[in-house]
Amino acid sequence: MGKRVGLEVTVAVAEAVALCRVDMAGVYPITPQSHIAEHLSNMVADGVLDAEFVTVESEHSAMSAVIGASATGARSYTATASQGLLLMNELLPIASAMRLPICMAIANRAVSGPLNILNDHSDIMPQRDTGWITLFAENGQEAIDLSIQAFKIAEHKDVMLPVCVNIDGFQLTHMVEPVELPTQEEVDKFLPPFAPHATLHPAKPVTMGAFAMSDYFGEIMKAKDEAIKNSKKIILEVWDEWGKRFGRNYKPVETYQAQDAEILMLTMGSMGETAQVAVDELRDKGIKAGLVKLRLWRPFPFEEIRAAVQNAKKLIVTDRACSFGGPGGPVFSEIKSALYAGDNHPVMYNFIYGLGGRDVPVQDFTGMFEKVIADKDNKAKDAYEFWGVRE
Amino acid sequence: MALKTWKELPIGCVVSEPGSASEYHTGSWRSQRPVWNDAKCIKCGICYVFCPEGCVQQFADGFFKANLDYCKGCGICAHECWPRAISMVEEG
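Line order of the protein sequences matches chains A and B.
Using our numbering, the first residue of the first sequence is number -10, and each one after it goes up by one.
Using our numbering, the first residue of the second sequence is number 1083, and each one after it goes up by one.
The set of hints was computed from the structure by calculation and includes no laboratory data.
One thing to keep in mind: the hints can contain errors.
As the list claims (entries may be wrong) - In silico DSBU-like pairs for lysine-lysine, Cα to Cα no more than 35 Å straight-line: (1) A/LYS211 x B/LYS1089; (2) A/LYS213 x B/LYS1086; (3) A/LYS213 x B/LYS1147; (4) A/LYS222 x A/LYS240.
Please model the entire structure based on the sequences and the hints provided.
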């Protein structure tokens, strides 16, 4: 077992990536991800990490560089946030279509404008359809664990897809937390060397990322969809193995006091721990409140979500981004869609909150619960609301 | 060439056979084909130089023709041919 140490989460993530023996990192620093770039660069410069650190001139180049490196068979890593992720967007579907198991940390930060460097999920939500396996960390330990698991999931022969780990900017990235880093020996036992499905090498020439016309394009998209859907089985296997080896268990959907809950709240990322305190307070008052935390965003865990909420009367879905002029928050619209097929689903409410780094203390979560409990006519079921904005 | 189903596609659509693009006959895209009038042709080779597909060939007699398996009918050869020896003819 590794030692329990106090580390800033971004530094701990960089340490975890080094434990995965990455061959290459192409990272362009951007707040609040910069310390991942800096610490990886330091480790390479100090000779602690035997890898190529490519100092790219933009995030577009970062993603291009890791695609190229991964195609040669190198274990490749990058990290970004906000505008950087948007600049990478053009390359993201290419990485997944080429089935390159690149791993990336996203230090979630609001997208401009106005310019804002603080946390919400408006950077990752527009990347929903790029074919990346998408995980959300709730605390520093999860950020470390998911960063290591990401390589094992991505590089599994039945997956071969890129994986991104979402780590809330500042709320998580800049916290100093007591975390446990596994030892090198433990990571080596968990994570086998990368065995690529094909490599760019003159000894065996291949073409990657070739052109495809209408006679093949639909078949290729179907194959990609099946690949990411099938990855769920491997994700569950990897999490099962992680639990056995390290004693920390991971599920696509986590629940807290949800079993007998009449009113449930759903969160993603770091807000879960604060919402948990609100649930405790409500339980002390005799209110049957509970929490559902979505860790796996893609592939979307339909069965697990249905099972987690089926007995509740009301479900509050919280969102850290808005689909402007659309159905509310992106998480809300996905959850509604996932529950549509069932006969019995809770009445659903949507609060969009914590935008651009706005603090969300416990009383905001209890406030959301109380507002929904007071809605006897279920009037709000199809509406969404910006929580806490000044009227 | 029978088209593959989605299940038969190689992972990541990696093309493992070098030069296999030649099996794809881009000539099927063509709506007009270039026809050379050898009486006007001065064998300068400008059609050969400008063909973006590299499908114009010179034969033993010094005159030129396009390989119609790959000629997309773009008409660049006809446009560049200054003695006007090439005309674009509608495909039937």
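Now for the hints, and whether the structure bears them out:
At most 35 Å may separate the alpha-carbon atoms for a hinted pair to count; A/LYS211 and B/LYS1089 meet this at roughly 9 Å. Between A/LYS213 and B/LYS1086, the direct Cα distance comes to roughly 15 Å. Compliance with the 35 Å bound is thereby established for this hinted pair. Distance restraint check for A/LYS213 and B/LYS1147: the Cα-Cα separation of roughly 42 Å exceeds the 35 Å cut-off, and the hinted pair is therefore not satisfied. The hinted pair formed by A/LYS222 and A/LYS240 meets the criterion: a straight-line CA distance of about 12 Å does not exceed 35 Å.
Comparing the model with each earlier hint shows a violation of hint 3 alone; every other hint is respected.
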